[in-house]
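The task is simple: from the sequences and hints, build the whole structure.
Residue numbers (the numbering used here), protein chains in the order written: chain A, 1 to 314; chain B, 1001 to 1417.
The hints are simulated quantities; they were obtained by calculation from the structure and are not laboratory data.
Among the hints, erroneous ones may be present.
[Stated by the list, open to error] Cut-off 25 Å, straight-line C-alpha distance, at most; resulting in silico cross-link-like pairs (DMTMM-like, lysine to aspartate or glutamate):
1) A:128 - B:1018
2) B:1003 - A:96
3) B:1326 - A:91
4) A:13 - A:259
5) B:1102 - B:1089
6) B:1003 - A:209
7) A:141 - B:1018
8) A:103 - B:1018
9) A:134 - B:1018
10) B:1326 - A:85
11) B:1003 - A:117
12) B:1326 - A:90
[As the list claims (entries may be wrong)] Output of the computed footprint for chain B on chain A, the stretches with three or more beta carbons under 8 Å from beta carbons of chain B:
13) 62-69
14) 80-88
[As the list claims (entries may be wrong)] Some but not every residue of chain B turned toward chain A, in silico, with C-beta under 10 Å:
15) 1179
16) 1249
17) 1253
For each residue, glycine too, the CB sits at the ideal point set by N, CA and C.
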Amino acid sequence: MAAILEVRNLVKKYGDFAAVKGITFDIAEGEIFSLLGPNGAGKTTTISVLSTLYAPSGGEAFVAGHSVAREAMAVRNLIGVVPQELALYDELSGRENLVFWGKMYGLRRKVLKTRVEEVLEQVGLSDKARQRVKTYSGGMKRRINIGVGLLHKPRLLFMDEPTVGIDPQSRRAILDSVKDLNRQGMSVLYTTHYMEEAQELSHRVGIMDHGELIALGSQKELTQQVGQNDTLILDIDENQSGAGLAAAVRSLAGVIRADVTNHTVAVTAPEAEQIMVAVITAANALGVKIHSVRIQEPDLEAVFLSLTGRGLRD
Amino acid sequence: MRKLLLIAFKDFRLVARDRAALVLMLLAPFLLTLGLGAVTGRFSGASASGISRIPVVLANLDRGPLGSDLVAVLRSDELHDLVDPTLSDDLAAARSIVDANKAVALIVIPAGFTDSVIPPQGQAAPAAAAPIELYANPTAPTSVGVVKTVLDRFASQVEVGRVAGQVAVTQLLASGRIRMQDTSSIGLAAGVQEANAAEQESVITLSSVTPSGRAVPFDVLAVLAPGMALMFLMYTASNGSRTILTERNHGTLPRLVVSPTRTWQILGGKMIGIYLTGVVQMFVLIFGMALLFRIQWGDSYAVQALVLAAVFGAVGWGMIVAALAKTPGQVNAVGTAIMLTFGILGGTFVDSSRLPAWFRTLTKVTPNAWGVEGFTTLALGGGLRDVVTPIFALLVMGLVLFALALLLIRRRGLADY
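Next comes the structure, spelled out in structure tokens:
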């Protein structure tokens, strides 16, 4: 299938600081692609460059064959953007916001009117359309924020962490609407630091950390990178160091690796249950106090942990 | 063009829903103008000028005809509507009346005033005439100014008469047509005759005569109200330009940037929105003040042209502030400072004609100064031709400032704003 988005060695620097360090990936038409990574990974900067808000410092990117650097207006007509920050006029009503942004995207008269009503229905705010946005709850504002991005039926929709800070019910509605949009043929670049969102929505996932794309593929492909291994995660006392425990655990049979981050020791092994007793015994012998133990089965969080030694939300 | 107007009308609508902004744009200038009207007596006097029946106390210590003449002038029918004199022999009591704000001034005609101007027979003329003392109430500068003008005019007539009398006596004495002992009486008679002949008009009226010769009644509010309106226009200009930065903070500016809209359309739309808001504000104030305060603004076409130019100049300043500021808070602070400073420089609070020449030149960087000049000219009967200079200056000001602001914003990058 043809790529709706092609990114080649994209770089974005702010002064000497490189927020995006040469990332490469494609999104096929009709695909939901997630960029998964912790805060500060460079996801928002990537979307900012691809949406033509900022010019790239290096590399190239094309939306349906149009360069984001040289053909910005053509790109803007093809894309929709749902920014992480709410970008609405609080003193205008939901409908007034949609009408204004619809007109900015070239919609007129009957087409605009019809489309506004459709989007209000889609985001479930038809009965609140006449109220000013400042009276909306956080979830409602997020939904209207998404609605603005959909008005002109873009071929590629950028959604930058659209569920941050909202209630589970609204979050559920947003995830369902993303899947709906995709069923209607819209391609989506979705950024998040919630692994479960990336797992639920995406055909493929790119994992970002410190400006680099450290893994790329379907969930199955990514988890296979870490094998079928479990990860035993121990949270230890904050006044103690886990380095000694990690060193002791590495020598246990069945342990593939042991990493320490702050006050967490992560032990990777084929079957975590089998090594749990030995690890706890080692901790007791060293006088390390354990606050909690959990087993993480292979998922994107485990992939991230395996690749970086840190959790997504550390 | 469509997107320019879309953005402009969106901004106008947002301002119209901002109660705090509406209070500062409309209510505050109305209230301040109302206050000025009350202070100047504009609403209490029968005269539209706001200056009528000025209470003064007279103490005539002179026993000669000139002292009596001054009293007669102040009590004449011609000045009946302007001054309300009260005679007093007690200087201390008279000063107390002024100090108690029951009179704006005490005029003391000193003893020997007539003799100091027209020396008695056999006496030499003193080096200078005995001065008329004006003990003024500092809280009524306008009224005191009027009284002083009347006194100045009288003193001028007296001087004319004195000089004429001296010349006549000298010539007659030299020709032998009069004797030395007759010089005093003849000099006095000649002086009075010359002074009366020199008097073009004994009526002191507050009016202006336009270049076409048409006289219009003076209205103090027609001079003060434009200053108020223009000062709060500067608030509108800076408040409007502040929205560029608040939109950045709220995310709507980046959203505008990534929509199929060019940078010049976004900035042009913002500027048109501010301009539209300023124009509506000015016309609401002008119409409202005409209705409520009966202010005659003058030639309607000229007023409209002046308003359009004044707003353009003000918006230019607003855009410069936005181009240089980094946060909405900075725009707020600088905008408020500019509003007050330009108000002072432009003549809202102080009559700049009394200030040094270099200061008057400095005021020309403000739209307030040009606007007040133009509105005053129109209120005093001027027409469109009489305000071409202020209109041109305001348009040039707006054009230069907007171009500079655009350059600064584009260099910074709208997305990085």
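How the hints compare with the structure:
no. : hint            : verdict
1   : A:128 - B:1018  : holds, 21 Å
2   : B:1003 - A:96   : holds, 16 Å
3   : B:1326 - A:91   : holds, 24 Å
4   : A:13 - A:259    : violated, 31 Å
5   : B:1102 - B:1089 : holds, 17 Å
6   : B:1003 - A:209  : violated, 39 Å
7   : A:141 - B:1018  : holds, 20 Å
8   : A:103 - B:1018  : holds, 23 Å
9   : A:134 - B:1018  : holds, 13 Å
10  : B:1326 - A:85   : holds, 19 Å
11  : B:1003 - A:117  : holds, 22 Å
12  : B:1326 - A:90   : holds, 22 Å
13  : 62-69           : violated (count 0)
14  : 80-88           : holds (count 6)
15  : 1179            : violated, 94 Å
16  : 1249            : holds, 9 Å
17  : 1253            : holds, 8 Å
In terms of the numbered hints stated before, the structure departs from hints 4, 6, 13, 15, listed from lowest to highest.
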